[in-house]
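We have chain C already, so just place chains D and W on it with the hints.
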Amino acid sequence: MALVDDHAAHTHGHAGAHHEPGFWGKYVFSQDHKVIGIQYGFTSLVFLLFGFTLMMLMRWQLAFPGKPIPIVGALFGQLNAPGGIMLPEFYNQLGAMHGTIMVFLGIVPLAVGAFGNYLVPLQIGAPDMAFPKLNMASYWLYFVGGVIMFASFFVEGGAAQSGWTSYPPLSDIAPDGQTYWLFGMLFLIFSSLLGSTNFLVTIIQLRAPGLTWMRLPFFVWAQFVTAFLLLLAFPALQAAAVLQGMDRIAGTSFFLPSGLVVSGQQLAVSGGGSPLLWQHLFWFLAHPEVYVLILPAFGIIAEVLANNTRKPLWGYKSLVYSVVFLGFMSFIVWAHHMFMTGMGTVMSTFFQITTMIISIPSVIVLTAFIISLWGGSIRFNVPMLFALAFLPMFAIGGLTGLPLGLAPTDIHLHDTYYVIGHFHYVVAPGTIFAMFAGIYYWFPKLTGKTMSELLGKIHFWFSFLFINGIFMPMLWQGLAGVSRRLYDGGESYSHAQGVLGLNKMMSYSAWGLALAQLPFIINLFWSMAKGRKVGSNPWDATTLEWAATTSPPLAHGNFTEVPTVVRGPYDYSLPGAPRDFTPQHEG
Amino acid sequence: MEIPYNTEARPDTGLYNAKLGIWLFLASEVMLFGALFSSYILLRTGAPSWPMGREILNVPLATLNTVILIGSSVTMVMSWASLKLKDFGKYRLYMGLTLLLALGFLVVKGFEYGAKFSHHPPLYPSTNTFLAIYFTLTGLHGLHVVGGMIVNGYLWGPGTKMWKTDPERFTNRIEVAGLYWHFVDLVWIFLFPTLYLL
Amino acid sequence: MSSHDDVESVKKQTRAYLMVFWALMVLTVLTVGVAYLHMPVWMAVGVALVIALFKGTLVAGIFMHLFDERKLIYWVLALTVLFFLVLLFYPTLSDWDQRKL
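These protein sequences, in sequence, are chains C, D and W.
All letters in the first sequence, in the order written, are residues 134 to 720 by our numbering.
All letters in the second sequence, in the order written, are residues 693 to 890 by our numbering.
All letters in the third sequence, in the order written, are residues -16 to 84 by our numbering.
A couple of the hints might just be wrong.
So these bits of chain C aren't anywhere near chain D, every CB distance computed over 10 Å [as the list claims (entries may be wrong)]:
no.: 1; residue: 232
no.: 2; residue: 547
no.: 3; residue: 609
no.: 4; residue: 719
Quick list of simulated restraints, FRET-style, between CB atoms [as the list claims (entries may be wrong)]:
no.: 5; chain 1: D; residue 1: 803; chain 2: C; residue 2: 477; range: 38 to 48 Å
no.: 6; chain 1: D; residue 1: 740; chain 2: C; residue 2: 199; range: 42 to 52 Å
no.: 7; chain 1: D; residue 1: 779; chain 2: C; residue 2: 296; range: 56 to 66 Å
no.: 8; chain 1: W; residue 1: 69; chain 2: D; residue 2: 850; range: 36 to 46 Å
no.: 9; chain 1: D; residue 1: 698; chain 2: C; residue 2: 598; range: 22 to 32 Å
no.: 10; chain 1: C; residue 1: 443; chain 2: W; residue 2: 39; range: 32 to 42 Å
no.: 11; chain 1: D; residue 1: 746; chain 2: C; residue 2: 384; range: 36 to 46 Å
Just so you know, the hints here were simulated from the structure itself, not pulled from any lab data.
All C-beta atoms in this analysis are idealised placements derived from N, C-alpha and C, irrespective of residue type, glycine included.
Next up, chain C with everything else stripped away, as it sits in the complex (with noise of 0.2 Å):
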């Protein structure tokens, strides 16, 4: 990345004043929002595919049960899958640090830590973030927490084996990994924590003069909400990782029982915990989570959407208050977790109604969406089809995630294959095929070089059908009542075996999957170095990023002068304007 900073400074030099700082100042630990952005998005890609690679070694699994893991098997040695056959022990460590890894460690850090950071101080016209120092803390922390969640995979008992959800009384009594989970947990919740607050502070304070709330790019307004619930939610999970730690470490019972007996022997604790006790603690961090996931990629997308149809975004207020509804929503759904944890009949209708009602909001969020592709002189450029991927691909997420919602159809679907294809719909095709739309069409703000469409275009394509050849087929296998977690991906079960025969399909999908990330990945490090040069504003777009900085932009500063705002985020095509787009600081 040092590429991209150098260009910068030389090319535009600096103001003077500055103090200029050296090498480990300026990339390692460095204070500039860009360059923590950098860090982010490049920590998170290299966590994703580790994530990724976790689970196509679980897909062989379930495809061949019990045959041994070619080329790779010998790597894992005699604990984890002596003969390169894979133990049940080591599928829940790969299963539960799949789900961790992917949603802590991947996609929150690259939707928030990266785009966020990177993107909110330009497109709000601020110099940097408030508290630049914090910032860099919170990378930092989220690194550490990534280095202790990757080391729990090398100590004795291996990783957490316990679910991503680490639910009691299992998670109290798993090996030592699961402490290293808590811990790594600790300090990604320090680092979300620090981070949020910096996100609402910047946004509620640095805004540039004439940049009023309805003013502000709906990117931003996502990152807004992000922050909020991240801020607010995550101290609930907080609590539970100390509470789970005191389990493990000083043997108190919060979450055992009375008279739990484990392996025919009855627990020597004193007992009096609550197992569900932790659910409520963890899903009221995990709903709100997994709008985190979700509102960074209505963000990329609205940007995305408004910039390549070449007109205004349709009902911009009613996305405005879709999310921030959303958010406030969030907080009073997370019970729908729990249905068959013998909840009451009256609470759980109420979880049922707030959970009904907060797919309004997201209904509201996607029609504005597609509504605006109407009428519009659209430009399929590659981010562009992952933005009109998206569309589809999070409608099928959000509306099968409906049934899971009621009580009454959630007895037959809960925690079978079909919660999987539910929620991997939207984040998988959903938040990250916006992610990806992000990264492109944000890359020449990053280089001032374009990505290949070619290769875009490949990557597209193999994804867009890879991806639904993994998920589709799981919501069939929960339809016929597949459970999740199960080690032989349901050989041994007679009701699976209709449908067994979709898990060699989903697994070469994976696996193809896995191929068609290579153009991207190419195109990505090619296009750094050989990418083709453009200037500062290449897709005509309206909000400050482009409009009043060069790409890169300065080092330092970001604006040669504080732009100053006069319109709204996207006006596209105004009649009697020069050009179909006018920036947002230009009268």
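Using the frame of chain C, we list chains D and W on its own:
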């Protein structure tokens, strides 16, 4: 380009950056302790029997600690007021007192913990759910006290350099540190009756 | 923070801080005292909670200047308090119609 509103307030919000920042941070702290108090309520209402805190814990020592912590809150706010009155010597004095009182709080807490561990039979977090809650909540609160002492210690010692270069911003820092410190006091005000008296 | 921080108003505030200190001392003694009155549990909890709330209001309102704060802070805290209450009571209430208390 300097980051705006580091010292002076932004006209439309009426706040400088750090003040908004600390209140947002405290909001997340409210949720952290909210989750822990919630656990307390759930575990206590679900328990067949629950010991009375005052029969196990040392109420006089905890009352003393309440007095100490409230006192430190007063000295903290006085140190800020002294800076407002441009009296740096008094600031040093009040901040020093705040640090000493905080240390006193931890020493008393240490005696309390020590007495539990040397009790016959010893009382550990693993003894029962009540003690588990007691040690977890007071321990976490104690960590907050330590964190506040580190910040206050910095602002009492090396951090005072800023008073010469940018007194207004330094005064703001004391206000922000004070807001955190009062919050730690506030948590104790609720912990004290919950754990010791009920 | 008061809108005009002149010397007079700061001096007036410091007098308020000392008064709050003594009020908090009295309330601390009071809450310890009533705890030994052997009230029924619900009443003891109620009294202790009311006293703690009162003390907390004094600390937040006067020491933390919340009685004289900007609207934005009130909004942030109102939102926080709402979610705080949900988090505080919902987990216990989730099976309330199935409990035999």
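Each hint, compared with the structure:
Here residue 232 (chain C) stays apart from chain D, with its beta-carbon at least about 22 Å from theirs, past the 10 Å limit. The non-interface label for residue 547 (chain C) is consistent with chain D: the shortest C-beta to C-beta separation is roughly 23 Å, beyond 10 Å. With a cut of 10 Å on Cβ distances, residue 609 (chain C) stays outside the contact zone with chain D, its closest approach being about 39 Å. Look at residue 719 (chain C): its CB is around 21 Å from the nearest CB on chain D, clear of 10 Å, so calling it non-interface holds up.
Our hint of 38 to 48 Å for residue 803 (chain D) and residue 477 (chain C) holds, since their Cβ atoms are close to 45 Å apart. Between residue 740 (chain D) and residue 199 (chain C) the beta carbon distance is about 47 Å. The supplied range of 42 to 52 Å therefore holds. Against the hinted window of 56 to 66 Å, the Cβ-Cβ separation of residue 779 (chain D) and residue 296 (chain C) comes to about 59 Å, which satisfies the hint. Take residue 69 (chain W) and residue 850 (chain D): their Cβ atoms lie about 42 Å apart, and the range 36 to 46 Å holds.
A beta carbon spacing of about 51 Å between residue 698 (chain D) and residue 598 (chain C) contradicts the range 22 to 32 Å that was offered as a hint. Checked against the hint of 32 to 42 Å, the pair residue 443 (chain C) and residue 39 (chain W) fails, with Cβ atoms roughly 55 Å apart. With their beta carbons about 25 Å apart, residue 746 (chain D) and residue 384 (chain C) fall outside the hinted range of 36 to 46 Å.
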